[in-house]
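The primary structure of each chain is shown beneath.
Number of protein chains: 2
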Amino acid sequence: MDIGELIEKNLEQVFPDNSGDTVIDAARYSLLSGGKRLRPRMMFMTSKLLTGEDTIPDDVMYYAVTLEMIHTYSLIHDDLPCMDNDDLRRGLPTCHIKFGEGFATLAGDTLLNSAMERLLKMSYKKPSYSYASLRMAELAGISGMIGGQSMDLMSEDMKIPLERLYELQAKKTGALIECAIVTPYYLFKADSFDPDNEDDICDALKRLAAHVGLAFQIRDDILDVISDPSVLGKSTGKDERDNKSTFVTLLGFEGASGRLDEEIGKALDVLSYLRDKGYDVNEYVDFVEYLKNRGT
Amino acid sequence: MDIGELIEKNLEQVFPDNSGDTVIDAARYSLLSGGKRLRPRMMFMTSKLLTGEDTIPDDVMYYAVTLEMIHTYSLIHDDLPCMDNDDLRRGLPTCHIKFGEGFATLAGDTLLNSAMERLLKMSYKKPSYSYASLRMAELAGISGMIGGQSMDLMSEDMKIPLERLYELQAKKTGALIECAIVTPYYLFKADSFDPDNEDDICDALKRLAAHVGLAFQIRDDILDVISDPSVLGKSTGKDERDNKSTFVTLLGFEGASGRLDEEIGKALDVLSYLRDKGYDVNEYVDFVEYLKNRGT
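Sequences listed follow chains A and B, in order. Residue numbering for the first sequence follows the numbering used here, beginning at 119 and increasing consecutively. Residue numbering for the second sequence follows the numbering used here, beginning at 119 and increasing consecutively.
These are computed hints drawn from the structure, not numbers from a lab. Any given hint might turn out to be false.
[Unchecked claim] Mimicking PhoX-like on lysine-lysine, the simulated pairs with C-alpha atoms at most 20 Å apart in a straight line are:
| hint | chain 1 | residue 1 | chain 2 | residue 2 |
| --- | --- | --- | --- | --- |
| 1 | A | 410 | A | 307 |
| 2 | A | 239 | B | 239 |
| 3 | B | 127 | A | 239 |
| 4 | A | 243 | B | 243 |
| 5 | B | 395 | A | 244 |
Being a predicted model, the structure only gives us computed values, none of them experimental.
Just chain A, same shape as in the assembly:
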């Protein structure tokens, strides 16, 4: 089974099919409506980098599924009319278009709550994983992703300074990407990790995440301008219509492309550092190159 199929198979097992509960149906609909599964894939790349093995440990898969649940809830709420008001996501009607706003709101709540139940269950069974669990929740919360969404909503119809856009994006998209890239490290080091005394590998993974996160977001802003909605699977041209501050609107198309190249370069530098430490970084190098030119 290839890795994409493996992820889908594990996501399918989160909620029962035909539960008779519309909220579960709505949560399942959004969780299983495709997507690139970039965050699980990043988690697996770090896992392979650290272990040197192709097999994904069950616990890494467990956290990857949990992270994808958090990511999916954030998309459902973000797509609501009171937020970004998007009808189309991954080429399909968004959750509230399909199930109505009430069920979509509860479906998001359910995905978030269920993700946290998974983290708490893991902490209960394996106390040494408690830091990994706590860190995922923090990165999803007001000091991470939700904090970025809040800055985003406060910046509506407003030109914001570039520095603020960096902070916003580091939280809004960067936090979960950091979670994806660093979590396997916390899991493998569970018995000896001291959050107050991080080592250089953990630090390198965090730097890699910061550059990958920015590269991802800059390319996203570029795609909003150059893509066709039927290819991208979501609305395009929205940023300009909504008078949104993005890397393209603040830096111009050329400027944003230049910044993308810079972030890609810095990510590759971190990977060189890790290669020098003896890690096989080839898959990550391919991934970073892909981020530069991805079309969806």
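Position chain B against the provided structure of chain A, taking the given hints into account.
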């Protein structure tokens, strides 16, 4: 400091004042907008019953604040136009009326996520509390409160059988009440508690919670019919307007009052059982009597 002031003081410390973040302001607004704080009070009553002491241990307060955060998020999302569409809560404009729907949605997400961060932080610091934390999350989730909200939304504009109303309410309001009444037991028994082998005190507390939860909800349905909004602090007469199935619409006013008396009687029976076991249940007895006639 009386217990009410103590709760407010602890709730005030959850989020910083003047954070500059509208989502935090919105979450803080709803968290600090009064309310009877019934769930924290129930938690303290169980704490006192079990310890025989008036002082509230810090850890019990920590869980009480966390539960009130979960309760508050559920009210914010429940009040949204796409759900119950309420403008008034605790005598004040609801969160989305004050801050707009986008910020209200995120404020709810933040309260839920921050509550879960608190639970995970506690599991990290005190692994023996992991079961109490996990159980709170489960009772808040799709097998508990959210599951009840989902049943509620699926039952809109529909007459449902009485049995289904019991199940709905046991989840929608009952789950967090169980959490309030039982959590201190999990905390005090943290080092020896086996969830697969509950003792009779734990079982008695769960039975007490089931009767208290139903009594609370039946009285709520009665208050919706007999109260003045200015006294109740929220809209009234909504159930009939919304064609909602409640204990009053299904059983009639007399029938519902009779059921309320029955539940109060059963709750008092459990308290007698606990008294016979040597526990001081006087405060709980007063509370159960209050539930019968409460006016807000």
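Now the hints, each set against the structure:
no. : hint          : verdict
1   : A:410 / A:307 : 31 Å, violated
2   : A:239 / B:239 : 13 Å, holds
3   : B:127 / A:239 : 31 Å, violated
4   : A:243 / B:243 : 15 Å, holds
5   : B:395 / A:244 : 36 Å, violated
In this structure, the earlier hints numbered 1, 3 and 5 are contradicted, and the remaining ones agree with it.
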